[in-house]
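> Let the hints inform the model, and build the full structure from the sequences given.
In our numbering, the protein residues as written are 1 to 243.
Think of the hints as simulated: they come from the structure by calculation, not from any bench. On a predicted model such as this, the values are computed, not experimentally measured, just so you know. Glycine is no exception: its CB is placed at the ideal position from the N, C-alpha and C atoms. A couple of the hints might just be wrong.
Claimed, not checked - Under the rule of at most 25 Å between Cα atoms (straight-line distance), these lysine-lysine pairs were calculated in the BS3-like manner: (1) Lys176 with Lys97; (2) Lys97 with Lys175; (3) Lys175 with Lys35; (4) Lys35 with Lys97; (5) Lys26 with Lys176; (6) Lys26 with Lys232; (7) Lys26 with Lys97; (8) Lys232 with Lys35; (9) Lys175 with Lys26; (10) Lys229 with Lys35.
As the list claims (entries may be wrong) - Restraint ranges, calculated between C-beta atoms of paired labels, are given here: (11) His128 with Glu225: 17 to 25 Å; (12) Gln69 with Glu43: 20 to 28 Å; (13) Thr63 with Gly118: 17 to 25 Å; (14) Glu101 with Gly28: 25 to 33 Å; (15) Asn219 with Asp173: 33 to 41 Å; (16) Glu43 with Asp93: 17 to 25 Å.
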Amino acid sequence: MVKLCTNHFSARYEAARVQFPGNFRKLGNGIYSGKILTDDICEDVLERVRYFDVHTNADRRVTANSMHQNAVLSTEIGIEPLVDALVEMFVADVSPKILPERYRLPIDTTHSYIVRYGASSDRDLGFHVDDSFLTLNICLNEGFTGSDLVFEGERCPTHVDTDASEHERIRVDHKKGFMIVHSGKNRHFVDCISSGERSSLIIWCQSEAERQRWFAAQNSGECLEFCGKFPKPAVHNVNTGFD
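Rendered as structure tokens:
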């Protein structure tokens, strides 16, 4: 197998992006989905993952995060040009068209990795929030069933374990080349995969100010305004008739 050159992705992606005019649709509050990668670029990423699996000893691998047993950091397989191009394109071409202002914060850093679900990998993922203000989740393959992404509504640290309302619970299936965009603080979990294997590229978009705000609320118990349990302003009845 020939290892792909580092600049391969940026040129291929720039050529492909014109095919996708930002056909994103809203699935729920702060949740969107749209086609973003061609099949050949998805296969390029998977080829790098396969190369990494064969040629890298397990004891030399860097842990991508604490939630997955065999996730692979983007830096380990050299797809930083693709990640950078995706984030740049999303911020410039997609975000202004679909996202409310509160989701369009300056991105200080990103953390990206490939996650895999299947018989020899993680089969599901428990209820959690991401260490991001915005998450980009791109499915890289077909040939699996199950493994849906299930959302349960945005919460602050104080209310993160509260029940979801009916309108907050949204189930999203994964499609090859499609990006699911969601608030990092929209609680979610991944259903058990029924058959096959699924690989996805996850990009956490991080804002240091928002991160510190989250930790401050964790310590103070303050309910943040995006939380589904944030107190709503009282509505006062106004008499508009005549005496």
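> Where does the structure disagree with the numbered hints, that is, which hint numbers, in rising order?
Per hint list: 8, 10, 14 violated.
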